[in-house]
Amino acid sequence: MSETSKTILVTLSGTHGSGKSTNAGKCYFLLNASGKKFSYLRHQDILDPFGFVLRRTARILGFKNPTDLERTKPLGVLWSIYILFVYFPILAVGIKLRQTLGYSVVSDRYVYDMLVGFSGDGVSVPVTGLLPRVLPHPDLSFVFDADESRILAARPEHTPDFVRMEKKLYKETAERFGLEKVSTDDPPAVVWSRLFKEIGSALDRSP
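In this note's numbering, the protein residues as written are 194 to 400.
Hints in this document: simulated from the structure, not taken from any laboratory.
Some hints here could point you the wrong way.
[Said to hold, decoys possible] In silico DSS-like cross-links for lysine-lysine, where the CA-CA straight-line distance does not exceed 25 Å:
no., residue 1, residue 2
1, LYS266, LYS289
2, LYS364, LYS219
3, LYS364, LYS229
4, LYS229, LYS390
5, LYS230, LYS257
6, LYS199, LYS257
7, LYS229, LYS289
8, LYS229, LYS199
9, LYS219, LYS199
[Stated by the list, open to error] Restraint ranges, calculated between C-beta atoms of paired labels, are given here:
no., residue 1, residue 2, range
10, LEU254, SER394, 48 to 54 Å
11, LYS364, PRO319, 20 to 26 Å
12, LEU277, LYS374, 26 to 32 Å
Quick caveat, the model's predicted, so the values are computed rather than measured.
Where is the CB? At the ideal position from N, CA and C, for every residue including glycine.
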């Protein structure tokens, strides 16, 4: 197989305020500027439509916090239906189509972020345990983290307790799924150089 026909899936996850979206965008730019064919995928875009409906419904029903509605059993079932029949097909087919066209994929967030989000909010969605086994398996997965004070400065709407909880959940998720940890406390050029080098190596290893 020729070099240009090799394709991989790279996912970038991490805590709020750690710069994962910024680094995903920069990584995508650098890879394409170097002549590699990469497509950019925003995982959150697939979840946002249901999230919008959920927030509107919560407001109509008088919930001050949409998460309180999400924690109810019927919403866990509805989330499962949406994930199985909307989220999963769009994500899986979208990745497969890009790779069929010869493009590797950089995904800004992935299923790992969804698992952390549900867990952190105390939301039970029965189908989520199945997703890491049936979704396209990444060739390389990074999880971004940063110092607590830096995250709080970037996201002042979050409390220290929330930041610590999220950091703990991402640490556990990284260990469970073998995600590669990246500290964005390092200078941006150092972070980008590391990502670029490791993604290039993953492409070389791709069959």
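Against the structure, the hints:
A C-alpha spacing of about 33 Å is found between LYS266 and LYS289, which places the hinted pair above 25 Å, so the restraint is violated. Note on LYS364 and LYS219: the hinted pairing holds, with a Cα-Cα distance of about 24 Å set against a maximum of 25 Å. Taken as a hint, the LYS364 and LYS229 pair is broken in the structure, with Cα atoms around 31 Å apart against an allowance of 25 Å. Annotation: proposed proximity of LYS229 to LYS390 holds, straight-line Cα distance about 13 Å (limit 25 Å).
Taking the CA atoms of LYS230 and LYS257, the gap is near 45 Å; set against the 25 Å cutoff, the hint is violated. Restraint check for LYS199 and LYS257: the C-alpha separation of about 49 Å exceeds 25 Å, so the hint is violated. Between the alpha carbons of LYS229 and LYS289 the distance comes to roughly 18 Å, so the proposed pair stays at or under 25 Å and holds. Distance restraint check for LYS229 and LYS199: the Cα-Cα separation of roughly 10 Å lies within the 25 Å cut-off, and the hinted pair is therefore satisfied.
Restraint check: the Cα-Cα separation between LYS219 and LYS199 comes to about 21 Å, which is no more than 25 Å; the hinted pair holds. Here the CB-CB span from LEU254 to SER394 is close to 51 Å, well matched to the stated 48 to 54 Å. The beta-carbon spacing between LYS364 and PRO319, approximately 25 Å, falls within the hinted interval of 20 to 26 Å. For the pair LEU277 and LYS374, the beta carbons lie near 31 Å from each other, so the given range of 26 to 32 Å is met.
Comparing the model with each earlier hint shows violations of hints 1, 3, 5, 6; every other hint is respected.
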